[in-house]
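Using the sequences and the hints given, assemble the complete structure.
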Amino acid sequence: MSRLPTTSIRIVLFALGLIGLLIGPWVLTLIAVVLLSLRFRAWEALLLGLMTDLLWAPSGGFLHSFPFFTIGAIIIVWGLEPLRRQLLSSA
Amino acid sequence: MVIYYRATVRKSGMGRLVAATAVVILVILLDILSGGKVRAEIRAGAATLSRWSSALGSHVWGSGIFTSRAALESQNAVLAAQLSDLSESAGMAATLQQQNDQLRALVHLAAASPGLTAPVVSSLSASPYGTFLIGVGGGESVSPGDLVLTEGGFVIGRVSHVGAGTALVAEIFAPGASQDAVIDGTSVTLSGSGGGNAQTEVPRGLVLAVGDPVVVPEFGQRPVGIVGAVASTSASASQQVYVRLPSNLSALQFVYVTPPNN
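Sequence order for the protein chains is U and Y. If you count by this note's numbering, then the first sequence holds residues 46 to 136, one letter each, in order. If you count by this note's numbering, then the second sequence holds residues 277 to 538, one letter each, in order.
It should be emphasised that the hints constitute simulated quantities derived from the structure, not laboratory data. None of these values were measured; they are calculated from a predicted model. Wrong hints could be hidden among the right ones.
As the list claims (entries may be wrong) - If you anchor each label on the Cβ, the simulated ranges turn out as follows:
no., chain 1, residue 1, chain 2, residue 2, range
1, Y, GLY421, U, ILE76, 30 to 40 Å
2, Y, GLY291, U, PRO70, 28 to 38 Å
3, Y, LEU362, U, VAL79, 17 to 27 Å
4, Y, ALA295, U, LEU132, 17 to 27 Å
5, U, PRO70, Y, GLN529, 14 to 24 Å
6, Y, ALA369, U, LEU128, 52 to 62 Å
7, Y, ASN352, U, ILE116, 36 to 46 Å
8, Y, THR509, U, PRO127, 38 to 48 Å
9, Y, GLY496, U, LEU128, 28 to 38 Å
10, U, LEU132, Y, GLY321, 27 to 37 Å
11, U, LEU128, Y, LEU325, 32 to 42 Å
12, U, VAL57, Y, THR509, 47 to 57 Å
13, Y, GLU477, U, PRO70, 22 to 32 Å
14, U, ILE116, Y, ALA369, 40 to 50 Å
Claimed, not checked - In silico contact screen, one side only, chain U against chain Y (beta carbon under 10 Å); selected entries:
no., residue
15, PHE59
16, TRP71
17, VAL79
18, GLU89
19, ALA90
20, LEU100
Heads up, the beta-carbon is just placed ideally off N, CA and C, and yes, glycines get one too.
Here's what the structure looks like:
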């Protein structure tokens with residue numbers, strides 16, 4: 046019973062992130078990544094980070110083309126794992 | 277116990293997350309090693325998606341669902357565009373006057389810059405890096421480093437990456453970017469704030485007025501903005517200068533792309 050709402054929430058948050066990615070503002074994508082990572086082991090958050098960098102990161106020197114969003118998404122997703130583990134185990 | 281643990285891990289999606297992390301890192305590495313070929317493909321797809329979503333948005337907007345709101349917003353947009361045009365014209369006039377004084381001493385005639393007009397095919401607020409996509413690419417002889425100008429001749433960015441049918445433009449005033457410029461004969465370093473805005477500090481003794489043009493020698497003395505505001509306190513030895521683009525960056529539909537040496 047609780048499977049459907051969980052999946053729906055993930056889809057809605059991912060869609061929100063995609064809207065921020067394509068239409069803007071980019072903060073929407075960031076919010077989606079954080080919210081997804083807070084509750085789920087969300088590979089979608091990593092995908093949003095990757096897409097942001099592939100779409101918008103400028104080329105040039107190392108600092109210019111550094112994939113901040115991808116690395117940020119990886120840090121957020123894995124950094125929130127202890128908190129998520131508490132949430133998931135208590136749920 | 278071990279079997280139970282493995283089953284729980286598999287069930288809870290940890291394995292998928294590990295795999296996704298590995299794939300993401302692999303894609304980034306592939307993109308770096310291939311010289312940006314992965315991102316060029318993604319951008320071409322995103323430009324098409326952006327065009328479709330824009331067309332869909334116009335269709336829904338024009339269907340009459342939001343009639344009263346649409347009418348007000350349309351009027352608002354027209355008035356804002358008029359104000360923006362007037363502001364840009366005034367900024368351009370000041371720039372031209374200053375350039376005219378310098379050019380009077382020279383007898384050279386400025387040749388028209390060769391270039392091409394390009395549509396803006398992405399939202400200017402979607403990128404956290406201060407970048408946007410234009411609908412011309414390598415097929416139209418656009419190359420990295422080309423200048424991107426507004427209709428009024430203000431430089432707003434440089435081409436950063438070129439794909440087959442699209443190019444990524446990095447804004448001059450992207451958040452965190454710095455650009456050497458000249459305001460009223462004084463060299464300054466502008467710090468970009470995004471959205472066509474930048475700021476810098478100049479000595480308090482320097483007299484600057486709102487509307488003074490800001491030019492960049494590196495771009496052939498082309499303007500990049502005008503002084504939008506000057507703030508100073510009696511306790512400080514310097515004054516804060518806020519530079520802005522006269523036109524509304526998010527309302528841009530077309531830009532002009534020209535090689536930097538013209």
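Checked hints:
As the Cβ distance of Y/GLY421 to U/ILE76 is approximately 35 Å, the hint placing it in 30 to 40 Å holds. Checked against the hint of 28 to 38 Å, the C-beta distance between Y/GLY291 and U/PRO70 comes to roughly 34 Å, which is consistent with it. Against the hinted window of 17 to 27 Å, the Cβ-Cβ separation of Y/LEU362 and U/VAL79 comes to about 42 Å, which falls outside the hint. At roughly 22 Å, the beta carbons of Y/ALA295 and U/LEU132 sit within the given window of 17 to 27 Å.
At about 19 Å, the beta-carbon gap between U/PRO70 and Y/GLN529 stays in the expected band of 14 to 24 Å. One distance hint, 52 to 62 Å for the beta-carbon pair Y/ALA369 and U/LEU128, holds here, with the actual separation near 58 Å. Our hint of 36 to 46 Å for Y/ASN352 and U/ILE116 holds, since their Cβ atoms are close to 40 Å apart. At roughly 47 Å, the beta-carbon separation of Y/THR509 and U/PRO127 lies within the given 38 to 48 Å, and the hint holds.
In this structure, Y/GLY496 and U/LEU128 break the distance hint of 28 to 38 Å, their C-beta atoms being roughly 54 Å apart. Distance hint check for U/LEU132 and Y/GLY321: the Cβ-Cβ separation is about 35 Å, which falls inside the suggested range of 27 to 37 Å. Remark: the range hint 32 to 42 Å for U/LEU128 to Y/LEU325 is upheld by a beta-carbon distance near 34 Å. Separated by about 48 Å at the C-beta atoms, U/VAL57 and Y/THR509 satisfy the suggested range of 47 to 57 Å.
At about 29 Å, the beta-carbon gap between Y/GLU477 and U/PRO70 stays in the expected band of 22 to 32 Å. Between U/ILE116 and Y/ALA369 the Cβ separation comes to about 46 Å, which falls inside the hinted range of 40 to 50 Å. Hint status for U/PHE59 relative to chain Y: violated, with the closest Cβ pair at about 13 Å, above 10 Å. About 4 Å separates the beta-carbon of U/TRP71 from the nearest beta-carbon of chain Y, less than 10 Å, and the hint is met.
For U/VAL79, the shortest C-beta to C-beta distance to chain Y is roughly 14 Å, which exceeds 10 Å, and the interface hint is violated. Residue-level restraint check for U/GLU89 holds (minimum Cβ-Cβ distance to chain Y is 9 Å; threshold 10 Å). Because the beta carbon of U/ALA90 sits about 9 Å from the nearest beta carbon in chain Y, less than 10 Å, this interface hint is met. The restraint placing U/LEU100 at the interface with chain Y holds, with a minimum CB-CB distance near 5 Å, inside the 10 Å limit.
Violated hints, listed in ascending order, are 3, 9, 15, 17; each of the other numbered hints is respected by the structure.
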